[in-house]
Amino acid sequence: MLSVCLSKHISLLKNFVSGGVGGACLLFVGHPLDTIKVRLQTQPRVPSQDVLYKGAYDCFLKTVSKEGLLGLYKGMGAPLASVAPMMAISFFGFGLGKQLLQPDSTKTLMPTQLFLSGCLAGVFTTVIVCPGERVKCLLQVQASGGQQAVRYAGPLDCALKLYKTQGIRSIYKGTTLTLIRDVPSNGAYFMAYDFLKHKMTAEGESVSQLSTPKILLCGGIAGICNWIVGLPPDVLKTNFQTAPDGRYRGTGLVDVLRELLRDEGPRALYKGSNAVFLRAFPANAVDNLLQDL
0 MLSVCLSKHI SLLKNFVSGG VGGACLLFVG HPLDTIKVRL QTQPRVPSQD
50 VLYKGAYDCF LKTVSKEGLL GLYKGMGAPL ASVAPMMAIS FFGFGLGKQL
100 LQPDSTKTLM PTQLFLSGCL AGVFTTVIVC PGERVKCLLQ VQASGGQQAV
150 RYAGPLDCAL KLYKTQGIRS IYKGTTLTLI RDVPSNGAYF MAYDFLKHKM
200 TAEGESVSQL STPKILLCGG IAGICNWIVG LPPDVLKTNF QTAPDGRYRG
250 TGLVDVLREL LRDEGPRALY KGSNAVFLRA FPANAVDNLL QDL
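Residue numbering for the sequence shown follows numbering that gives the first Met the number 0, beginning at 0 and increasing consecutively.
No wet-lab data here; the hints were simulated from the structure.
Please note that a few of the clues may not be correct.
Calculated cross-link-like contacts (lysine to aspartate or glutamate; reagent style EDC-like; alpha-carbon spacing at most 16 Å) [to be verified]:
no., residue 1, residue 2
1, Lys53, Glu263
2, Lys160, Asp244
3, Lys163, Asp244
Here the structure is a predicted model, which is why all the values come from computation and not from measurement.
Full structure from sequences and hints, please.
As structure tokens, this is what we get:
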């Protein structure tokens with residue numbers, strides 16, 4: 000049955016090409032706000048320390064002032080290199096999940112089935128997403144600490160140095176937290192996007208006939224749903240991946256969560272939310288439009 004599913008309608012090459020183009024556009028549109036998000040999430044939390052950034056706009060101004068506009072694109076090389084296979088695997092996993100849960104393509108999947116299919120996509124992509132996120136976050140954070148804090152010359156240099164310290168384990172630091180973020184958030188994303196597209200399709204018409212504004216709206220709302228679910232574990236993941244080795248035990252889940260709640264309370268789990276939601280709508284809207292072309 001699985002071989003039949005794989006042969007039906009799931010084109011890895013098509014997903015690779017469309018995913019690469021759409022993902023690259025998503026990065027160019029959204030990476031500056033992602034840099035702001037990461038810097039807000041990782042800035043010092045102890046009250047006795049000065050807060051470097053007062054908010055998203057303040058972070059934007061200080062980054063551009065000190066590093067120029069290119070400072071907003073720090074760390075983009077790693078996700079850009081992996082975006083095509085990542086998006087291909089993501090849509091492949093979602094398509095496979097849909098076919099496994101509902102082999103009859105003439106029937107509409109229930110929201111729970113769409114959610115579970117999206118969760119499968121999140122599992123598939125973690126192997127690519129995690130190392131890219133680790134390198135990206137380290138490069139984004141180091142520049143905000145001044146010239147003396149710069150340890151990596153670029154994505155490749157960062158990956159090589161991480162490998163030399165603790166091997167592949169260091170590159171994949173934060174895998175568990177990446178799974179905790181990406182499995183449910185991908186489920187929410189694909190469920191919302193597919194559900195909204197069908198809801199906005201007029202009776203007697205095909206989903207493929209949706210107008211560009213409606214596709215943009217569906218993609219944007221789906222992106223918001225993604226980050227509503229994924230932001231708290233993303234905060235934990237970012238802090239864990241950028242922390243010095245040995246600071247947190249095990250997966251980091253318990254230690255990072257305890258520290259954030261102790262120092263800042265529950266609001267800490269939504270640090271960088273302004274940048275995240277400003278980025279989510281336009282970036283995902285453009286990405287999904289290109290995927291559907």
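Structure-based check of each hint:
Our distance criterion of 16 Å between C-alpha atoms is met by Lys53 and Glu263, whose separation comes to about 14 Å. A hinted pair counts as satisfied when its Cα atoms are at most 16 Å apart, and Lys160 with Asp244 qualifies at roughly 13 Å. Only pairs whose Cα atoms come within 16 Å are accepted, and Lys163 paired with Asp244 is accepted, the gap being roughly 13 Å.
Comparing the model with each numbered hint stated earlier shows that all of them hold.
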